[in-house]
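Each chain, written out:
There are 2 protein chains.
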Amino acid sequence: MATLRQDGSPANRTVVFRGFVDPAAAPVLSASGHTLGHHSLKLVTDGRSEKMDQLAGRTEVCWYFTKTREQFRLAGQLHAVAPTDPLHAQSWKALSATAQSQFGWPHPGKPRAGDEAFSVTVDPETPAATFTVLLLVPDWVDHLMLRGEPQQRWRYQRQDEPPRTDQHEGHNWTIQAINP
Amino acid sequence: MATLRQDGSPANRTVVFRGFVDPAAAPVLSASGHTLGHHSLKLVTDGRSEKMDQLAGRTEVCWYFTKTREQFRLAGQLHAVAPTDPLHAQSWKALSATAQSQFGWPHPGKPRAGDEAFSVTVDPETPAATFTVLLLVPDWVDHLMLRGEPQQRWRYQRQDEPPRTDQHEGHNWTIQAINP
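Listed in order, the protein sequences are those of chains A and B. Take 140 as the starting number for the first sequence in our numbering and just add one per residue. Take 140 as the starting number for the second sequence in our numbering and just add one per residue.
Which copy is meant is left open, because identical chains are indistinguishable; a pair holds if it fits in one copy or across any two.
Here are the computed lysine-lysine pairs in the DSBU-like style, where the Cα-Cα straight-line distance is at most 30 Å:
1. LYS181 - LYS206
2. LYS181 - LYS232
3. LYS249 - LYS232
4. LYS206 - LYS249
5. LYS249 - LYS190
6. LYS232 - LYS190
If you are wondering where the hints come from, they were derived from the structure by calculation, not from laboratory data. Predicted model, so just to flag it, every value in this text is computed and none were measured.
Could you build all of it, start to finish, from the sequences and the hints given here?
What follows is the structure, encoded as structure tokens:
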């Protein structure tokens, strides 16, 4: 997942995909007051990590599926979920104990002092203060299929018109076949 | 590999690592007249691809090794190799016939017209005009090892002093243990 550092350089790291937002649930409230739809990808991060300063810029995820030889590039906006939204606590409880304990570790990316600080306990029922849920809301997708002769590639773009009032997911998308 | 679009958004895609530049060879000349050292990562691309407009900004590669559970983030500058440099033709000849033929395909990323244009032949001995060798010269590395309890993470940074005159690879690097 690539984001933009404040000095204008791209940052790039591996993240764990935690699933799509449940389409049966209510829309999600972001920490900055946005209402987020269901077609978004969920991940979790430490609120002290550098990427938290990089939410304002755009984000592009690249995902390569080795078995099917498909590449998906998904670009859009990354949002932190409000700690008051039910998704926040749900996502915490869905983590393994090992994953939860990492949110009690020392400040990520800072110089390392020693190993003692890594022996911490966190409450499995209550999200740690550092725990943050992020949603990527894509508006651009580049789908490349390397299988086949010649290869196939499609570009999807979300249209800008506002969602219809009777549904959360009213955006239309265009699709175009492009050269691989 | 993440680069910066001219609109300031990050672009992210999978690339094939074509090896390191041979340390026994002479330094490589870039298309813009830079002399590039040996500690650089080689890849090839179509000169018409969008990333060619993104060489001026910084680049960050993220590489996750599934078996060893290590992540390397390598940031630095991306350079196109001068077509006159011997590495250019060497890299062309090292490609498979299938990989070579892709450089005769229609303009990548443009709307697709049909399949006929993909039946082309290229000269296996002479680099196609679209063929481009890129070198990533890293000056910053973030190495995360998820194995072990707790995890290990190191930050490497190249020092800015000019290389010593008696060797091409005179840069010093600092290394620091940081929190995972």
